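A.B. asks: Sequence:
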Amino acid sequence: MMALKSMQNIRANMGAIVTILLSCWLAITSANADPLFPNYRGDDQRTGRAINNGPSTPANVIRVNTGGTLYSSPAIGSDGTAYFGSADKKLYAVSPTGNILWSYATGNVVMSSPTLDAAGNIYVGSLDGFMYAINPSGTLKWKTSSAASPYSPVTAIYSSPIIMDTGSLIYSALSGYIFSLDSQTGQVQWNYSTGTSMQASAAVSRDGQSIYIGGTDGKLRSISKDGDLQWVYQAGDKTNTAPAVADDGSVYFTSPDGYLNCIDSEGYLRWQSATFPNLMGSPAVGVDGVSYIGTYDGYLFAISPTGKRLWNYATYSTIKSSPVIDAAGNIFFGNVDGTVYSLDSSGNLRWSMNMGAEISTTTAIGPDGSLYFGLRDGTFCIINDGATYIPEPSSFVIILSAASGAILMLRRRKSAG
Numbered sequence: 517m518m519a520l521k522s523m524q525n526i527r528a529n530m531g532a533i534v535t536i537l538l539s540c541w542l543a544i545t546s547a548n549a550d551p552l553f554p555n556y557r558g559d560d561q562r563t564g565r566a567i568n569n570g571p572s573t574p575a576n577v578i579r580v581n582t583g584g585t586l587y588s589s590p591a592i593g594s595d596g597t598a599y600f601g602s603a604d605k606k607l608y609a610v611s612p613t614g615n616i617l618w619s620y621a622t623g624n625v626v627m628s629s630p631t632l633d634a635a636g637n638i639y640v641g642s643l644d645g646f647m648y649a650i651n652p653s654g655t656l657k658w659k660t661s662s663a664a665s666p667y668s669p670v671t672a673i674y675s676s677p678i679i680m681d682t683g684s685l686i687y688s689a690l691s692g693y694i695f696s697l698d699s700q701t702g703q704v705q706w707n708y709s710t711g712t713s714m715q716a717s718a719a720v721s722r723d724g725q726s727i728y729i730g731g732t733d734g735k736l737r738s739i740s741k742d743g744d745l746q747w748v749y750q751a752g753d754k755t756n757t758a759p760a761v762a763d764d765g766s767v768y769f770t771s772p773d774g775y776l777n778c779i780d781s782e783g784y785l786r787w788q789s790a791t792f793p794n795l796m797g798s799p800a801v802g803v804d805g806v807s808y809i810g811t812y813d814g815y816l817f818a819i820s821p822t823g824k825r826l827w828n829y830a831t832y833s834t835i836k837s838s839p840v841i842d843a844a845g846n847i848f849f850g851n852v853d854g855t856v857y858s859l860d861s862s863g864n865l866r867w868s869m870n871m872g873a874e875i876s877t878t879t880a881i882g883p884d885g886s887l888y889f890g891l892r893d894g895t896f897c898i899i900n901d902g903a904t905y906i907p908e909p910s911s912f913v914i915i916l917s918a919a920s921g922a923i924l925m926l927r928r929r930k931s932a933g
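517 is the number of the first residue of the sequence shown in my numbering; add one for each residue after it.
Calculated directly from the structure, the hints in this document are not laboratory data.
Incorrect hints may have been included.
[Stated by the list, open to error] Label-pair restraints from in silico Cβ distances: (1) ASP860 x GLY623: 39 to 49 Å; (2) GLY823 x GLY584: 37 to 47 Å; (3) VAL577 x ASP780: 36 to 46 Å; (4) THR712 x ASN870: 35 to 45 Å; (5) ILE616 x SER820: 40 to 50 Å; (6) GLY654 x GLU782: 20 to 30 Å; (7) GLY765 x GLY683: 17 to 27 Å; (8) ASP698 x ASP813: 41 to 51 Å; (9) LEU826 x GLY654: 41 to 51 Å; (10) TYR832 x GLY743: 43 to 53 Å; (11) THR655 x THR613: 21 to 31 Å; (12) TRP618 x TYR784: 39 to 49 Å; (13) ALA575 x ASP744: 46 to 56 Å.
These numbers were taken from a predicted model, which means no experiment stands behind them.
Even glycine gets a Cβ: it sits at the ideal position worked out from N, Cα and C.
All chains, please: the whole structure from these sequences, using the hints.
C.D. replies: This is how it looks when you write it as structure tokens:
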């Protein structure tokens, strides 16, 4: 009996040690992991895809009150922290349990959606005309003016920045200039004048060599990573939304006159959709090439890779936000009457929930499958299915003794490749 009790105590103690080691390891690997939804639309190509699944049901709803209207869509860190701007001029960091971790005050309204780098630094523009780099702790790393020269005015930044593989930070300013900064120092590398006002965010080509961005003159431009104009496509009306780049390199973008356009990587039209009533958001593009877009009259449309309408879903209220696709192909979006929707890839309703105020931002999906978004009344929302989240042990394998429960080995997991 004494031997049995001693063995049970050993196993219990080893279990506690394993739990502690796992907790420490998960904290370390989470802190050093790349964000899963690091920017507006989830990736550099602005496809609107998440790499994990969203909530299967809206079982648990967390609401966080901030100081102003939310137009800035959230970026989500590897630990589930959400970063977003507010009309109260602040950038917020909110934990996955709904605690405000910190806020940083800029000089004006923050409509820009933040971008995160692998180290957890946050980059965001403000209507005060500065691009800010904020440390993970909420302190200023650097800020850079949107003035194109010492004699040029500082103009507002509406766009969401994006980080190239080279480490360059790309964004546009209302003045019509596109900027490239060193993301570590804020030093201007180059700027390019479009000659028209700019509010749209850029997308990066699949090969990382080009930047696609629309302007209020109705032109979609391709700019090289070094700041040289490559081609221009005239869409006919202003293009203030971010384009999306499909897996085959095709560029999808909308215009308020009601067209969804698909052009190739050389700037030639592949197809143009039938007219929709006033498209206000960016398209999402799935791995199968199907695109999804919301309309002013409250419909979400699915469009085939050849431009044919596959299905539509009626919400009966204007859809301003851009849809997001999870790993299973489910679509998430919100509308002006305050309802958030989840549809399957065939257009069938999975669930919906009214949040009580206009959904004014695009949704984002966190590492635990939570859905994040903001409301016009200043409330930030987190929805999940209530399950306890345990991250997958993707970096290490712990090997235990079957007899004693002792740790025999802690080794790095080999990659699938």
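A.B. asks: None of the hints should be skipped; say for each whether it holds.
C.D. replies: These are the hints, each one checked on the structure:
no.: 1; hint: ASP860 x GLY623: 39 to 49 Å; in the structure: 44 Å, holds
no.: 2; hint: GLY823 x GLY584: 37 to 47 Å; in the structure: 40 Å, holds
no.: 3; hint: VAL577 x ASP780: 36 to 46 Å; in the structure: 43 Å, holds
no.: 4; hint: THR712 x ASN870: 35 to 45 Å; in the structure: 39 Å, holds
no.: 5; hint: ILE616 x SER820: 40 to 50 Å; in the structure: 43 Å, holds
no.: 6; hint: GLY654 x GLU782: 20 to 30 Å; in the structure: 43 Å, violated
no.: 7; hint: GLY765 x GLY683: 17 to 27 Å; in the structure: 23 Å, holds
no.: 8; hint: ASP698 x ASP813: 41 to 51 Å; in the structure: 44 Å, holds
no.: 9; hint: LEU826 x GLY654: 41 to 51 Å; in the structure: 44 Å, holds
no.: 10; hint: TYR832 x GLY743: 43 to 53 Å; in the structure: 45 Å, holds
no.: 11; hint: THR655 x THR613: 21 to 31 Å; in the structure: 23 Å, holds
no.: 12; hint: TRP618 x TYR784: 39 to 49 Å; in the structure: 47 Å, holds
no.: 13; hint: ALA575 x ASP744: 46 to 56 Å; in the structure: 51 Å, holds
Hint check: a violation occurs at hint 6 only; the rest are consistent with the structure.
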